[in-house]
Amino acid sequence: MPFITINEIIDIIIMTLFVGYIFSGYMSRYKPQTEDPLVSLQKQKSFMGVSVEDLKFTTLVTAPAIILHEFAHKLTAIAFGFQASFNAAYFWLILGVALKLFGASFFFFIPAYASILGNPPPLQSALIAVAGPLTNAVLWLLASQALKKQVFSKKYNAALYLTSKVNMFLFIFNMLPFFFFDGFKFFQGIFHAFF
Numbered sequence: 226m227p228f229i230t231i232n233e234i235i236d237i238i239i240m241t242l243f244v245g246y247i248f249s250g251y252m253s254r255y256k257p258q259t260e261d262p263l264v265s266l267q268k269q270k271s272f273m274g275v276s277v278e279d280l281k282f283t284t285l286v287t288a289p290a291i292i293l294h295e296f297a298h299k300l301t302a303i304a305f306g307f308q309a310s311f312n313a314a315y316f317w318l319i320l321g322v323a324l325k326l327f328g329a330s331f332f333f334f335i336p337a338y339a340s341i342l343g344n345p346p347p348l349q350s351a352l353i354a355v356a357g358p359l360t361n362a363v364l365w366l367l368a369s370q371a372l373k374k375q376v377f378s379k380k381y382n383a384a385l386y387l388t389s390k391v392n393m394f395l396f397i398f399n400m401l402p403f404f405f406f407d408g409f410k411f412f413q414g415i416f417h418a419f420f
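Under this note's numbering, the letters of the sequence shown match residues 226 to 420, in that order.
These aren't lab readings, by the way, just hints derived from the structure by calculation.
The model shown is predicted, which means the values in this text are computed figures rather than measured ones.
One thing to keep in mind: the hints can contain errors.
[As the list claims (entries may be wrong)] Below 27 Å or equal to it, Euclidean Cα-Cα: the simulated BS3-like pairs (lysine-lysine) are:
{"no.": "1", "residue 1": "Lys410", "residue 2": "Lys390"}
{"no.": "2", "residue 1": "Lys390", "residue 2": "Lys325"}
{"no.": "3", "residue 1": "Lys373", "residue 2": "Lys281"}
{"no.": "4", "residue 1": "Lys410", "residue 2": "Lys281"}
{"no.": "5", "residue 1": "Lys390", "residue 2": "Lys379"}
{"no.": "6", "residue 1": "Lys390", "residue 2": "Lys374"}
{"no.": "7", "residue 1": "Lys390", "residue 2": "Lys373"}
{"no.": "8", "residue 1": "Lys281", "residue 2": "Lys390"}
{"no.": "9", "residue 1": "Lys380", "residue 2": "Lys390"}
{"no.": "10", "residue 1": "Lys281", "residue 2": "Lys380"}
{"no.": "11", "residue 1": "Lys379", "residue 2": "Lys281"}
{"no.": "12", "residue 1": "Lys281", "residue 2": "Lys325"}
Starting from the given sequences, assemble the full structure and let the hints guide the process.
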């Protein structure tokens, strides 16, 4: 089986576009006012009422966090000998778009998931579950440190700041011990492995 399939590539592209659209308008980089706002507004290209620049920026900040999170689950499962794949969660993506179109200020949805064939033993299940959130923790810390130490040009500060916050949120949220969350699967696996 190849590392990544055509279906996974299609799901990644679709999920990325949906997530970029859903979160655009909620995240934006600071743009200093250098010209008349009406002239600036006329120059902006838009897609379904969203600025193309905001769409690109939001996609850059959110999609890698989700894709790398799910691929961490997938790669860990494969390392233990299981088949796994990346999947876009189409129902949830459509729900996210609908909530955005209705003007919801806060919403919860699952943009993607890794499906694993087989039934891993408890410890392996715990490690597969925690791999995604740990990836977000690493991205959170890397972005925070890059921002703190000014590793990149200041024009990347907004992207680094939001990358840090998105990954912090995904790490904390996913580690909550609620049913269906990675945290629940992790703590359940650890419990069953040792008790």
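### Task
Return the numbers of the hints above that this structure violates; sort them in rising order.
Result: hint 4 breaks, nothing else.
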